[in-house]
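K.L.:
Chains as they are written, first to last, in the working numbering: chain R, 2 to 290; chain C, 81 to 665; chain Y, 830 to 1199.
Treat the hints with caution; some may be incorrect.
[Unchecked claim] Between beta-carbon pairs, the in silico distance windows are:
1) N1108/Y to L244/C: 54 to 64 angstroms
2) D1175/Y to T226/C: 31 to 41 angstroms
3) V268/R to Q887/Y: 31 to 41 angstroms
No lab work stands behind these hints, which were simulated from the structure alone. By construction, the Cβ of each residue, glycine as well, lies at the ideal position given by its N, Cα and C atoms.
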Amino acid sequence: MLELLLQQAVNGLTQGMAYALVALGLTMIFGVLHIINFSHGELYMLGGLMAVVATTMLGLPYGLALVLAVVAVVAIAALVDLVAVRPVLPTKDGPSTVLLSTFAVSLLLHQSVLSTWGPNPSRVEGLAGSLSLGPIVITNHRLLVLVSGVVILLAIEYVLRRTLVGRRIRAVAQSEFAAQVVGIDVARIRTLTFLGAAAIAAIAGALIAPVSLFTPSMGQHAIITAFVVVVIGGMGNATGAVVCGLLLGLLEALASAFMPQDMGTAVIYALLLIFLLIRPQGLFAGRAR
Amino acid sequence: MRRILIVMALALAVAAPFLLAGQSYYSGLLAYAAVLAIFGLSINLTVGYLGLISFGHAAFFGLGAYVAGLAIVNFGVNYWVTLLFAPIPAALLGALVGFASVRLGGAYFAIATLTTAEILRLVVSNWIDLTRGPLGLIVRRPRVETLESLGLVFHQYYLLATLLGLGLAVLIVHRLLESPTGRSWKVIRESNALAESIGIPTMRQRVMAIALSGGLAGFAGVLFIPRTLVLTPDLFNPMLSATGLLIAILGGKGTLIGPLLGGAIFAALPETLRFVDEYRIAIFALILLAVIRIQPAGLAPLFHLTRPFRTPGAPAKGGEIAFEPSPRLVVTDLTKRFGGLTAVDNVSMTIEPGELVGIIGPNGAGKTTCLSLISGFTPPTAGEIRYGERKVTGDSPSSLVNEGLARTFQQAALCGSQTVFENVLAATSCPEPASLLSSVLRGPGWRAREARRVRRAWECLAFVGLTERAALEAGSLPYGEQKMLAIAVSLATQPRLLMLDEPAAGLNHTEANRLADLLRSLRQRGLTIVLVDHNLRMMMALCDRIIVLDRGRLIAQGTPAEIQADKAVIAAYLGGYTAEEAQNA
Amino acid sequence: MTILKRHLAALAFGAILAAAGQANAAEPVKLGVINPIKTLVGKQNLEGAQLAAEMINQDGGILGGRKIELVTYDTNFSPPEGVAALQRLLTQDRVKVVAGEISSSVALAAIPVIEGEDAIFMAAVPKHPDVTKSGYDKIFRMNTTTAQDAQSFDTFLLETVKPAKVAILAENSDFGQVTINQMKKLFGDKLVYSDTFGMQQNDFAAMSTNARSSGADTICIVGSNMEQYGNILRSLSDLGFNGNRCLMPGVLNSQGVQIAGAAAEKAFSADIYVPSIDNAFNKRFVAAFEKKFGRKPEKIEVLGFESIWIAAKAMDKAGTADDTTKIAKVIHEGKWETPRGEVTFDKNGQASSGELIRLVVKSGEIVVNR
């Protein structure tokens, strides 16, 4: 039994890392721009697609594929920002209208991939081989997901805490008005955050594609879970999103040893709603981000 | 003109099933459009009228359909009977979701509905003993022998039923909109604080509106059954929620005709776009983006189908407003700390019935915080507030307004896009409330109360001298008149004690004099008044008694003459005040 | 000269005859096809149907030279859209026979509409048991039911594979639920683990770990989405599971094998069709399909093909394109040659073609298991 639980913990952590990375971008955007970016899941999907294109069509090594995914997705995100976020945000009812405009963008991105790439799933070759620690097996690629996840999280922590840009981002998140008063270009910081979040989503998509295949609908499935993670973590709270993402993956995997998987997920969602009732500010509210 | 249009639409709706006798394809599409329109109407209640975005209305739609389906399959209930009760669980679910999420603001409601739909989908797919899971509930065509013996075919009377359902839904929403309920929705959408300050229990109103919206969506779900006949967990699909949302937005948020247009488009467009099937959803997405960017208000305004508010006629004989006497307001040891800062520090005071009391003090003395604490907008850290016999500490602002304890804000809070009259009328439901049901049924009692509400609104407007302005947009009034309007709005709630926060700030000399006359006249009519202002000349001339706050503490109180002579006040405060006084004078 | 004249006369006469024939053939017989054409399976199924129409027209059409013409509409996996498409076909395009479709929900919603218009429905793929239980005798299904599959596959599992402990991973759909119940009956205590996965799930590591640690020597996968069963095969291989991997009949196809890669090796299954079936009709069918679409057809394509082929042939045999009662009777009574062999229909309209063909994956290819 212990073996089983340990193996499930390893499985759950990789899945949780995927949740955490997608949720991290979503929560960053919420924290700084105060909007929900509905197209975030599709950016994640495009990251996966770029990995497919780079490895199978262009024959690039996987490492380069990651780079290509980030570059391409950030470019697309810049376009999304230009069309659906920046001009809409300052209008009346801005934040809720952005929810809709990014929703339209997500449909558009999804449909474009469907009609050019087609509905077929594709396999991506990541790192080969696997590692055995006694009875526990972990593939090298899953290990890569875990390690890169940790590296990305540390890098973001460093940027937010130790660099000028990071301090500016945190200033805008706390009060746009105050940030403006001290001379910070708020619009630029918003765009920067949006693109940064897109870059994380792209890496996440490219990292996960070799584990769970690329499908054009992977973004739609990811965004719902990401919402749940963001809410439990406290909207706009980066630490909360990461911890809750990892926790959700872990719980789902461990719960699957005792109950049907779908039921486990339903239970977790129901807990979320109850959670909203008693602690609406989220698990990590009150702590600085 | 509008009446003719409505009559024509009704006649066409009744005739449609017969005109489309041999055309099951077109009558099917029309029935589907009607179902979608009801669904859009339901989402429009939250998105359009309350400003709450929902991503999971499929939860209510699907629940309605499943409750009916289960009743039909397991208990052999007649389909047409389920239309009466199957929407109820959806309404209850709406109330629950609303209660859980609404006090947290819009984004939470979106996520709570999305998650609810997802939970229901998972439960329905996995509770196989009850729902048959993905195998789906299979319902037979609900044929009615009596109607068929009259020569009607199934698709004809199904169409008739959906059109009747749509008519009913439109009628209910229409009547609610032109009732205290609908007026309060509009104020809530504008500002929650404003709504509370005119006695609207915002939490309850919102939860009720969401419950109604859930019930309507459930009703649409039940009406949908004969179209699909097999109920699967896909009914809870986020795509269906999105469709409803798009119907409301494309048609026109917050309009009655919008969802009808949107529903028709969503039923017909996919069929007419069959030649570009592959790009259908992409085209939708583009249309949506274009609508958001070019025509954010949706299609309804393009057709000039939205009607501006019609101001009812003023009563021939203007009545006089009068006020009931206020009980005594007793504040004991009131304290408020924000983090390390103590904004209000152990303040105790008593306001006697019929008094006009002024509160003065330098900036940051805690005057406004004091008002906010007493009016229930900010919970105190410590202390007690008694209004008459009742302890009211911790009560919501709206319940205090219903007790007769009202306030105004420093910045005149109004619904800028509504007319002057609408602003005042919205506040009259506080003394003359109306239940949801009575507003739909509109019996003689309701009509009499509505007449009283209208009369009261006219009286309040006349009192502040804005009768001529009644039909103008409130946002277009000059600043001084906006402040007067804010007072008229407060008066419409029939207060016994009115707290005014800097009513004279920003007024010129003449306007300030008129305000002073107005306040005197209110006091003569029995209204108890607490006044916070910087205009010391006006305060000294007007007030019976003055309370002086400094850095959160009460440092002196007494008649204007006593205050002017008080050494503590002069030492701690008046020295620094002269400049400001000069500025204000 | 006279010879020339005679020739000319003959030519003219021939031309008149041909024109007369043309007039008759100018009135093609319309057949409806519904399918979720934006999805991979829907498109494959439609391609099969298109090839059937093409081959019949090449052979000179039906009913004395009338061509057949397909009217195709998308159903988008959605019952209301399916119903709209059907009503359009039946009342606007006035077709009498509708073929195709993948989704059981759409098929079930379609049946009352079909019955209301007294039309024939040649359901190609929907597997839901209730599709052929409506009591209306003009519904036919080409695909096998899960129960039919079990009849032939169960003996193979019990007698040839002989597992000591079985685990089952099933999609949460009509297909998955029916199969789990059957496996419970079949294996009783030997079934040591079973779980279902949602149709959107994409990480199967947790489930595969549970299945492996249950001690099963045979893991049965019930998944109609190739990305899902392909992924499960990969997860099992990552975890080092080396027992039997069985895909329940009817789902294994070349794209799934491609997705799973080396992890699919030695996985076995069974189906009603493989392109390598050795009969003349199949050879013609495969050649024509490869020529038209550039790849080998598989089961989904064959089912689409049959749904049109049999309907057209039955119209021809019944001598009518409109009398659905007559056509349905002919379909019920006939024995139909199709690429998979001889197909007959029972009284409920359910097709059968005898034993399933056992399949196994060898060096990335699906081959017949002997």
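K.L.:
None of the hints should be skipped; say for each whether it holds.
P.N.:
Outcome of the hint check:
no.	hint	verdict
1	N1108/Y to L244/C: 54 to 64 angstroms	59 angstroms, holds
2	D1175/Y to T226/C: 31 to 41 angstroms	38 angstroms, holds
3	V268/R to Q887/Y: 31 to 41 angstroms	58 angstroms, violated
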